[in-house]
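Peer 1: Here's the letter readout for the chains.
There are 2 protein chains.
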Amino acid sequence: MNVSASSRPIPVLEVFGPTIQGEGMSIGRKTMFVRTAGCDYRCSWCDSKFTWDGSAKDQIRMLSPEQIVDELLDLGGDTFDHVTISGGNPLLLPQIAYLIQELHGRGIRTAVETQGSRWQDWLVRIDEVTLSPKPPSSGMETDFDVLDDIVARLREASGRRDLCLKIVIFDEEDLTYARFVHKRYPDVPFILQTGNPQVAGEVQDHVSSLLQRYEWLIGRLSDLPDLKDARALPQLHTLVWGNKRGV
Amino acid sequence: MNVSASSRPIPVLEVFGPTIQGEGMSIGRKTMFVRTAGCDYRCSWCDSKFTWDGSAKDQIRMLSPEQIVDELLDLGGDTFDHVTISGGNPLLLPQIAYLIQELHGRGIRTAVETQGSRWQDWLVRIDEVTLSPKPPSSGMETDFDVLDDIVARLREASGRRDLCLKIVIFDEEDLTYARFVHKRYPDVPFILQTGNPQVAGEVQDHVSSLLQRYEWLIGRLSDLPDLKDARALPQLHTLVWGNKRGV
Ligand code: SF4
Ligand code: SF4
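In the order they appear, the protein sequences are chains A and B.
Be aware that the first sequence starts at 1, since it is given in full-length UniProt numbering, and climbs by one per residue.
Be aware that the second sequence starts at 1, since it is given in full-length UniProt numbering, and climbs by one per residue.
Certain hints may be false.
The list treats identical chains as interchangeable, and a pair is accepted whether it falls inside one copy or across any two copies.
To be verified - Here are the simulated EDC-like pairs of lysine to aspartate or glutamate, each with C-alpha atoms no more than 16 Å apart in a straight line: (1) Lys228 x Asp78; (2) Lys183 x Asp226; (3) Lys228 x Asp81.
Hints in this document: simulated from the structure, not taken from any laboratory.
These numbers were taken from a predicted model, which means no experiment stands behind them.
With the rest of the complex left out, here is chain A (with noise of 0.2 Å):
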């Protein structure tokens, strides 16, 4: 590990918690949350444009992981042993090698997620990756051979690591991009993951919306013969708390 940037202060924004994971594999699992500044996407339906917009800056603060675990356990006391590190792309900050070092010290899970356009080698010591390329409603275009790498130096790499690819879906095109992510991809775990196309404030009829959005990718699961061994799943903090952040 290089030294000086793994002791380089965290743009984070926020560390909240105990809650739960809201999404993905380990859906449901008590973990806090460190969420860091900066993408080097823009997909049009973010959920975190907060992370690189500009429109919280003035929030960012610059921490060192020790500060970050302190923060943690001040929030979180003894209640908890998982952390979810999100952004954000967590994945521009190789100097979060440290933060991870700090918290597996003490026992506690990582979890990671990344839209997988970057590389950094403390992605191999991540308990939890989850890789989720953005399908074309994004508005960006994903780099397969980055993420083929990513995928090949995970499966090559010691240990053992829980990884999945997540894929968000608005509708058919997105569905196809899946189907092929896939395809490409057939012995990593694989979740369609419900859109939520309202991601800003409070939206009448939120919760109503994203059920029928969910059972609609639902039956499109259950319709096709490549995705027998895939799961759809909503976002459960959305449906309880909508798009309130820090919950």
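With chain A held as given, fit chain B with the ligands onto it using these hints.
Peer 2: Same frame as chain A, but now just chain B with the ligands:
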């Protein structure tokens, strides 16, 4: 395997799918369902009372394993690779052994949920076993000698399988029970599930009342230091379809 037992027909109430597993460790996973008739419990809030209260007596069909597989294939074609056997309590039926064999012979994974009151040798051949002992609000009492024995036998059995404990939570007393269970089997993945107090017919504001219960459960889970590595989950099928059967 006892051949005469395995060729005995199975009392079946429902065969349906493909849909998703709405709860537990494989939440969101595409699956087909086979619901067997009969239960040795009488839970106050049972959401499948028709499997044992006589109300659906004339819908019970005595089907051979081959007939069940034919019906699954008629419904699901080549779109599925996973079948969930639910009840009632499927563990009352030794002849399910042969159904499992038929399914595995076709490369289909199997899941079972049971309260953990009875043993059958075929349980070790199930790929995903959910033990769901019933908390005080059910009105039932857990025989922990039997549950100990089931957990021990599953642990000792060769072969890979997923095992979890899932407890339905209505109130603080149920939560106390759940903590006791988790402490007794600390290594078994542990899930708290939101209780559904209104299990029949159409219910006004059902979704919002279920989400409120879920939010309460997340809050309690967050507080408890002895439930670090637990999950809290709602029943997704109940959020999407209410109390409708066969979805
Ligand atoms: S990759 Fe994630 S954080 Fe970045 S813009 Fe897309 S949704 Fe937002
Ligand atoms: S054990 Fe399950 S099927 Fe049997 S009465 Fe209780 S909830 Fe109903």
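Peer 1: Now tell me, hint by hint, if it's right for this structure.
Peer 2: Results for each hint:
1. Taking the shortest alpha-carbon separations for Lys228 and Asp78, only the inter-copy value of 8 Å comes in at or below 16 Å, while the best intra-copy value is 40 Å.
2. With identical chains, the CA atoms of Lys183 and Asp226 are at most 16 Å apart within one copy only, with a shortest distance of 8 Å there and 41 Å across copies.
3. Taking identical chains as interchangeable, the C-alpha atoms of Lys228 and Asp81 lie at most 16 Å apart only when they sit on different chains, with a minimum of 6 Å there against 33 Å within one chain.
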